[in-house]
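Line by line, the protein sequences are chains D and Y. In this text, residue positions in the first sequence follow this note's numbering: the first is 3, and each later residue adds one. In this text, residue positions in the second sequence follow this note's numbering: the first is 43, and each later residue adds one.
FYI, nobody ran anything at the bench for these hints, they're computed from the structure. Only a predicted model underlies this, so the values are computations on that prediction, with no experimental measurement involved. The beta carbon of each residue, even a glycine, is placed where N, CA and C say it ideally should be. Any given hint could be a false lead.
[To be verified] Looking from chain Y toward chain D, a few residues come up when the C-beta cut is under 10 Å (computed):
1. Lys-84
2. Pro-86
3. Leu-143
4. Thr-144
5. Gly-146
[Claimed, not checked] Using 20 Å as the maximum straight-line C-alpha spacing, the simulated DMTMM-like pairs for lysine to aspartate or glutamate come out as follows:
6. Y:Lys-100 with D:Glu-103
7. D:Lys-73 with D:Glu-54
8. Y:Lys-84 with D:Glu-103
[Said to hold, decoys possible] Some chain Y residues flagged as far from chain D (calculated, every beta-carbon gap over 12 Å):
9. Leu-53
10. Ser-54
11. Gln-56
12. Asp-59
13. Val-62
14. Ala-71
15. Glu-98
16. Lys-100
17. Thr-111
18. Lys-113
19. His-118
20. Glu-121
21. Thr-152
22. Val-153
23. Leu-154
24. Pro-155
Next come the chains, spelled out residue by residue.
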Amino acid sequence: NAGVTQTPKFQVLKTGQSMTLQCAQDMNHNSMYWYRQDPGMGLRLIYYSASEGTTDKGEVPNGYNVSRLNKREFSLRLESAAPSQTSVYFCASSLGQGSNEQFFGPGTRLTVL
Amino acid sequence: GENVEQHPSTLSVQEGDSAVIKCTYSDSASNYFPWYKQELGKRPQLIIDIRSNVGEKKDQRIAVTLNKTAKHFSLHITETQPEDSAVYFCAASVTGSARQLTFGSGTQLTVLP
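Bound-form chain D, shown alone (with noise of 0.2 Å):
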């Protein structure tokens, strides 16, 4: 098993510019997570999907958006980027359903200029 997969590893863009983050992943797993990692910071909650189908908005959810495609994949979506969106991104699933523990991906270093 994979886990959890994030594509891309690396992304520069340009003020204005828009993006997608994709995720997935291959455990079966019916929540899945977007956090956002800045120094100091710890990891804050952006967007969450309990389960298909559905979305709710997390502590950060300003200038994104998601889509859950399916059971495996979440998708974040930067409409016009801005250089306060400079960050690390991480994707995380867990199994929901009293189990806890949240599984995460390699992340997406992300730089806007």
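Since the structure of chain D is provided, determine the placement of chain Y on it from the hints.
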């Protein structure tokens, strides 16, 4: 919403000594408290977790204690080794089907040989 504070932000110990990292949380409804280890450039990985019906949990050199009354929990690492050097994050779970995690800001642990 939940707020998790973590101390200290940096911690240096001599190899073989013990290390203690402390976290406090604000939401009395939180009932799941995981600890993640993140090595440089890598993804966070769960090392130990505790639920609110348990006061202490051990796994070899790692232990976690929970004081629900005071709303704080701690990570204890004994007989530290250089490979323990990493950033450690505590988290607390807001009750809900998706088990959203709120993370602390992290502790950079350095084990000096």
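**Prompt:** Any hints this thing doesn't respect? Which numbers, in order?
**Reply:** none
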